[in-house]
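Listed below are the residues making up each chain.
Number of protein chains: 4
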Amino acid sequence: MAEKKKIGILGASGYTGAELVRLLLRHPRVQIELLTADRRAGQAMGDVFPQFAPYDLPRLVTIESVDWATAGLDLVFCALPHATTQTVLKDVLTKAPATKVVDLSADFRLQDPAAYAKWYGHEHHALELQKEAVYGLVEMYRRDIRKARLVANPGCYTTCAQLPLIPLLKAKAIKSDEIVIDAKSGVTGAGRSPREDILFSEVSEGFHAYGVGHHRHMAELDQEFSKAAGKEVVVSFTPHLVPMNRGIFSTIYVRGRRDKNAQELYAILSRQYEKEPFVYVLPFGRMPQSRHVRGSNMTFIGVANDRQPGRAIIISTLDNLTKGASGQAVQNMNAMLGFAETTGIDQPAMFP
Amino acid sequence: MAEKKKIGILGASGYTGAELVRLLLRHPRVQIELLTADRRAGQAMGDVFPQFAPYDLPRLVTIESVDWATAGLDLVFCALPHATTQTVLKDVLTKAPATKVVDLSADFRLQDPAAYAKWYGHEHHALELQKEAVYGLVEMYRRDIRKARLVANPGCYTTCAQLPLIPLLKAKAIKSDEIVIDAKSGVTGAGRSPREDILFSEVSEGFHAYGVGHHRHMAELDQEFSKAAGKEVVVSFTPHLVPMNRGIFSTIYVRGRRDKNAQELYAILSRQYEKEPFVYVLPFGRMPQSRHVRGSNMTFIGVANDRQPGRAIIISTLDNLTKGASGQAVQNMNAMLGFAETTGIDQPAMFP
Amino acid sequence: MAEKKKIGILGASGYTGAELVRLLLRHPRVQIELLTADRRAGQAMGDVFPQFAPYDLPRLVTIESVDWATAGLDLVFCALPHATTQTVLKDVLTKAPATKVVDLSADFRLQDPAAYAKWYGHEHHALELQKEAVYGLVEMYRRDIRKARLVANPGCYTTCAQLPLIPLLKAKAIKSDEIVIDAKSGVTGAGRSPREDILFSEVSEGFHAYGVGHHRHMAELDQEFSKAAGKEVVVSFTPHLVPMNRGIFSTIYVRGRRDKNAQELYAILSRQYEKEPFVYVLPFGRMPQSRHVRGSNMTFIGVANDRQPGRAIIISTLDNLTKGASGQAVQNMNAMLGFAETTGIDQPAMFP
Amino acid sequence: MAEKKKIGILGASGYTGAELVRLLLRHPRVQIELLTADRRAGQAMGDVFPQFAPYDLPRLVTIESVDWATAGLDLVFCALPHATTQTVLKDVLTKAPATKVVDLSADFRLQDPAAYAKWYGHEHHALELQKEAVYGLVEMYRRDIRKARLVANPGCYTTCAQLPLIPLLKAKAIKSDEIVIDAKSGVTGAGRSPREDILFSEVSEGFHAYGVGHHRHMAELDQEFSKAAGKEVVVSFTPHLVPMNRGIFSTIYVRGRRDKNAQELYAILSRQYEKEPFVYVLPFGRMPQSRHVRGSNMTFIGVANDRQPGRAIIISTLDNLTKGASGQAVQNMNAMLGFAETTGIDQPAMFP
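Protein chains in written order, with this note's numbering: chain A, 1 to 352; chain B, 1 to 352; chain C, 1 to 352; chain D, 1 to 352.
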């Protein structure tokens, strides 16, 4: 068997870090060589996530302590907070230009420097890299990703919305100014940093929307939807919090163009994803549940008639930590390192 | 103090029955005299709902065993399943015509016999009573309810959607063919009868839609919305199940007519509900959470700008067992028996 | 009707503060006049707990800003953190010596200054008050409480364990060195301050013990159990966290003395609590569930035979925010102000 | 690579059936050839468990329709209800005597015909097979299992209690008449058949014990503990239900014999499991959480001092569907078919 590729994970003490470790520990072609977590440096991964205590893993170190030039890493996953990411990756890729990077933050998803500056309120700190970065929605940009050095892993909400909508926008099958995306997320999407609003007793036994009308994920959606439609697209998008750990679930309301009905929209999606290993389109009229993709890298999509003539309802669901983050990151890695795309991420969902 | 009114509850072993008992046990003007539950007849209420074991309540009996003519009940709540309800209430009101009734089923909500036949596949079994029944959305039909003998308590989903939308439709402030209601419900809405799809392990840690495109609550919404708008209204409506016990949460997407913006829609709702004890409109741009109405008879409503120009997002939430069922039923009872409308149902929500 | 008593709540932004407001808003004999919350001062209670937005309540102020001498409060509930409490209450009772106090912290529960110093690592900051304080387990110390100025409201775990065990220890019916208390708590018991270990995603879908072998509640249990038994009693006690908001549930394993069997233990408890409004002993062999006391001030107790000859299993459950904190605090207030003990806290549990 | 072994699963529509499919779909040495589910016969596995819709699996058939003699199965997992199991397996092993069987029911766990008759109220229907069956706790009976044709997979509660206690009983390190096992289970342990008491709204937001004093798992524990201790052992055991899907968590209270303290008990367990791939003993004084073994085949064990002198607290946790059922069944299969014991079941836990 070929030698294993050497992998690093920056920011291993968060949930996406833990999910990367879960998936990579059993990936047959790679070896985890580096785990960083600034505040937990010196500790074992099993101190931060006890499920890993029985496994042999490198101790957590600070990013500062890493000598990139000699580290010899083939690929680095970056799960750091916004902004820090830009500085760190500039440093990594300067000192170790042959290392490949999958970045899980939002920092390299926007391709237009002006758009970045508008949404984030400052100029990008690594403009050259921003230009180089490839948007990592594998089902759409597979060819570019295979050749990329730096891939910007898409967001969880946006992956879930793009997979059903992009083919329809490209086919000009739906009206682009009547798209409503009512999105729901599990709580791990909010991360592991303590905040009152994600305490158990604030989240359980209830439901709410947040960031109504001004959610940051919008920028990424605007970019990709407009590209697909060939004109500016602005959608209605409302994120909600569900008292569950994992899952993104999007209920999408669309109106067909030129009398396209739900069946015809279904046919487009069905054809598009026939051979994709990680997108499954249910039989027409059947709708997926988030729990049936839990822990897997799958996206399940359903299409049905709406009661309103001329409209259809599309439901799309995935696991925010897997296909919505770390699973898709490994899928990107597989493409970048020339492995079969499903390697290490083909386990079925865990339900119940 | 005036003598207490005598109350009966038909179908006391379900969740709406338990919620009625919870509210009525501390209602200062009434006394529970009769509790029926056919399959649990002979048992104490505390055997069926142990929280009531310490309280003095009549034993459960079968409906058959009740002698309506001599029972002397002032008002009966009917929480029986669909269809049974019609036969039972015909019998009750024939033998005890002075008794008042609040029916919690859907059986008397449709006022048009043809609509009933179309949605339920058979003619109504109590056509005279159907004609007599008053639709019990107190905030809209208070005057009629005060004089009614038979009130049809609205459904939980429909109450939650009507309170924000009816004033806007009446004011012709929104386009009636672009209304999208993305509704979410807690699991108690599905009742207490064992079914695989509402087992704990099927519902927890996940999210899903059900009945997409053909939900029965539609009939009631169509009726009331069309009445309010003065023309036929058909809305998009998708119900979802949230892993929580109580709560209805509706995210409603609307487009203003004649350039009405979100602020103007807000003003209409704000004015409408200023003096209503059970509807609270939050400051503009703030959105409610279902947990903050849990166990109370309140509906909380929020209005915000949508990203799409010309559109607004409205969120409405209530507790499906309280304002969405038994609390509203007691509110109806209070109106029918001449009590202050808030009597016995003015406790604040229980959060956390 | 008599004039309403004036009430203050110190520390109103935590869960026990919210529970006090929930209960007192509908208490017929009192009026909330003061709410403090240092970090939220200036805000409305409805900003901190949106369920109270529709109600008329005083704005939150800092403790510092209160002029105790002129505030004219009849009774103050103190829901402040450990240590702060001692300083604040010394100040309050010096400046307003006629004000009564129910303290919900652990600061005044230990009566022996040495025991306090041992468990908390420093001398008590208000030794005079420590001497004056009455332990507020109403079912045991009702007479003293009626005359008290300062009552130390018992902890939730300890209330749940004392109610079943103290009568048995007093009757010398069980072996005091073989008591095992396996206790489980809902997450609200951990408070509202952000901490990683009580985030939703850390708590849901799992179960764990904490503080095994060295939990601080021990001191209070040791004190009261030893007093009841007339000799030093040290019990095994393990607290666990349940993914639920409210509830304490204690499974208690005991061995009878002198061949006392489970039935005889049951008889002692049954007799003891026959007339207590807030303790309900189930029929022998039936066991309570935490959900059936949720939101009420009840404690439910069950007794059954163990498989091991000579041993019995006792289960005791209450709502940690109600009987385990704020409900019991109101019960204490009722006793101290001469109201009927059940006033304002007699609502049945909310299940489901 | 060697040819894959042919596997059948009887009773594939329950949770343990789904968990077997999840694990076997990615097991490199076996192929699922047969899935039975009497009531769902004719349907695809993806109709019963939608997470499997994208995978290629045999359709569900009735047991009756299988021709065992020609089926050519190497091994059959039997996940049928109690009693049915005995009749079916007698038939299978008569017609296909070379097929191996791992039975997940309780039917073959008791080795003494008299004990079986006492606990189940009737004579065993397959006495010869009962004699032949090997008890499948791999860590204890590995050698016998490797040669066995019929293995009785242990129960989830009992696996969780035996792994920590059997080494201590064998070493005569604890008093056998003072063992208290306070056990907690996730809801999947109750199966998928609709019952009121496991509906979401009956289970969420609460905690309770069940079967206090007379739980059937006792028989299996009595058998194995008595065998280990060399004398009759009867333990206190109370099962509880936790509002979570997966997990068994046992808090075990023991008293050391001849002054054995907690550290010495720890040393025994630590030594015993040093090389076991699926049992991990935490550092002394640290306690495991059920969520950290979720979806994995691991058992985590912690030992700490009790406050009561001479006593220790041991906590043991596993996933009831994996190590407590289907994972352990695959572990047994691996041993019986000569595969490395960890094949296909070595994935880390999924947390969060």
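Keep in mind the hints are simulated off the structure, nothing from the lab.
You may find that some hints are simply not true.
Here are the simulated lysine-lysine pairs, DSSO-like style, with alpha carbons at most 30 Å apart [said to hold, decoys possible]:
#, chain 1, residue 1, chain 2, residue 2
1, C, 147, C, 131
2, D, 172, C, 175
3, C, 175, C, 118
4, C, 175, D, 170
If you want the ones that stay clear, here's a sample from chain B, every Cβ over 10 Å from chain D, calculated [what the hints assert, rightly or not]:
#, residue
5, 81
6, 113
7, 245
8, 274
9, 286
Even for Gly, the Cβ is constructed at its ideal location relative to N, Cα and C.
Structure-based check of all given hints:
no.: 1; hint: C:147 - C:131; in the structure: 15 Å, holds
no.: 2; hint: D:172 - C:175; in the structure: 25 Å, holds
no.: 3; hint: C:175 - C:118; in the structure: 27 Å, holds
no.: 4; hint: C:175 - D:170; in the structure: 28 Å, holds
no.: 5; hint: 81; in the structure: 16 Å, holds
no.: 6; hint: 113; in the structure: 35 Å, holds
no.: 7; hint: 245; in the structure: 5 Å, violated
no.: 8; hint: 274; in the structure: 35 Å, holds
no.: 9; hint: 286; in the structure: 27 Å, holds
Taken one by one, the earlier hints fail for this structure only at number 7.
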